[in-house]
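Could you build the full structure based on these sequences and the hints that come with them?
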Amino acid sequence: METDADLVLAARRGSRDALGRLFDRHWPRVWRAAYSTSGDRELANDAAQDAFLQAASALHRFDVRRPLEPWLVRIAVNRAIDLVRARRRLAAEELADERFAFDEPLPDEELREALGRLTPERRAVIALHYWLDYTTPEIAEVLDVPLGTVNSRLARALGDLRRQLEARNV
Amino acid sequence: MSDEMERRLRDAGRRLPTPDDTDTVAARTRVVSALPASPRHPSARRRRPLVVALVLAAAIACAFGVGYAVAAGGGHTTTKIVRERQALDAGPGFLPAAGWDTVSAGTATPAISAIAANVPLDPRDRDLLGPPAETAKKLGPNGVLFYAMFAATSPRERLPQKLLPLQLDDARLTNGFEGVVSVGSTRRLQVRVAAWDLDVLVFFGAAHPSSGVLAAAREELGRLAVPACPAALPLAAADAARAKSYLLRWLPAHYSGDASEVAGATATATLGTDAPRHGEAAHDCGAPVADRSVEVDVVLPKLAQVSASLSEQTYFLAKTATGWLVWERAR
Chain A
34 METDADLVLA ARRGSRDALG RLFDRHWPRV WRAAYSTSGD RELANDAAQD
84 AFLQAASALH RFDVRRPLEP WLVRIAVNRA IDLVRARRRL AAEELADERF
134 AFDEPLPDEE LREALGRLTP ERRAVIALHY WLDYTTPEIA EVLDVPLGTV
184 NSRLARALGD LRRQLEARNV
Chain B
803 MSDEMERRLR DAGRRLPTPD DTDTVAARTR VVSALPASPR HPSARRRRPL
853 VVALVLAAAI ACAFGVGYAV AAGGGHTTTK IVRERQALDA GPGFLPAAGW
903 DTVSAGTATP AISAIAANVP LDPRDRDLLG PPAETAKKLG PNGVLFYAMF
953 AATSPRERLP QKLLPLQLDD ARLTNGFEGV VSVGSTRRLQ VRVAAWDLDV
1003 LVFFGAAHPS SGVLAAAREE LGRLAVPACP AALPLAAADA ARAKSYLLRW
1053 LPAHYSGDAS EVAGATATAT LGTDAPRHGE AAHDCGAPVA DRSVEVDVVL
1103 PKLAQVSASL SEQTYFLAKT ATGWLVWERA R
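One line per chain: the protein sequences are A and B, in this order.
Using the working numbering, you'd call the opening residue of the first sequence number 34 and step up by one each time.
Using the working numbering, you'd call the opening residue of the second sequence number 803 and step up by one each time.
One or more hints might be untrue.
[Unchecked claim] 20 Å max Cα-Cα, derived DMTMM-like pairs, lysine to aspartate or glutamate:
hint, chain 1, residue 1, chain 2, residue 2
1, B, Lys-939, A, Asp-96
2, B, Lys-939, A, Asp-177
3, B, Lys-939, B, Asp-924
4, B, Lys-964, B, Glu-1082
5, B, Lys-1104, B, Asp-1060
6, B, Lys-940, A, Asp-37
7, B, Lys-940, B, Asp-999
8, B, Lys-939, B, Glu-980
9, B, Lys-964, B, Asp-999
Since the hints were made in silico from the structure, they are not lab data.
Structural data, given as structure tokens:
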């Protein structure tokens, strides 16, 4: 099986087939990262697609010694955060807590609501850690923030979730 | 509660929706069709049917050399060009200089990049598969490391067009570069030079490099060469006649056909934007170079009886620090 590096090098030489195979390989998880951050299917489509488009135009400067997926996820998550904020501005919403809701139901409705009250940055850390199985150092690299910031966001996100769920159950 | 929370989170993750098939197909089509063409390089440009971008300087490197060395120091913040002979057919990269370790990919590879450092390059970085991350780790307080990436000009990028030599003062401070850690500070210069989009990272070992280190970095940046297109100097009105005279002297020695066909050649010369084929020059080397070029249209009377098109040739010349340079022949 060809490695990502093989496919990246082939895509650099102009192989659309290679780029297509990279897309097939990474689209589901990149889309999931975008959806987890935005909570919106349309925004996730846009963010994930933008990640691949940006990557395709910058393949020549990608370090093939490094894994490809974190690079794509990084672009997608940051793009998703931007899109969520842009949508809020366009909608002139005045939600101080930047709440959002997943546009499709999750089986755990309480958790869905609690996640919706997290900031996109904290939600992204939760998604990367629990839903995409990234370690905290990997999240730090993906989000380009210090490890301490990741640990802090994760702890605060979990604290927020815990408080919200406990309050509902009081 | 913590374990329970984590269990609920992981369970929710397993039940997240998946991308819609229709959306996936549409996105895949857009992504794949957006793959840019591989960067052009001189050999490819020569094959173009309408504008035969003949890189004459590369073929006659012993006659024409353009290079860049620098005298920077004291209060100077501008890179100066001084004479240094160097062939131009090696692809983009840093010209050799004492105290600098350089490597460039040339134009044979699709990923064109070059690195230069005033410390020994780590062997793992010499393959140019990515940023010189290993060398970056070894930069001392006076260390400077360049990583230059070259790509064919893209309409999606709106980069400022610059002439060589590039200026360090045009670079902006940035928060590092992915994959490169343990450097004091990083500057980034993203510009268009000729038909290339350049992305140049300058890694310093110190957060606040000394004036001597900055001067050394300016010098090295001045040695960054881009093939085929000249570091053109501004023109004066009298340069039309000078360029014409030069071209007619130069032509017999460099004409590719029978030397007798050049006999009796006549020429007209036009400066910069007034040149009839200025657009072709701008297409190939960018407007700043075209604006500083002289178009010399040559008529070879002996060939006129055979073919009008063969008898008419157009050359673009630029005035450089090393003298006149015939940088392109168009047909």
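#### Entry: Earlier hints that do not hold, by number
Per hint list: 6, 7 violated.
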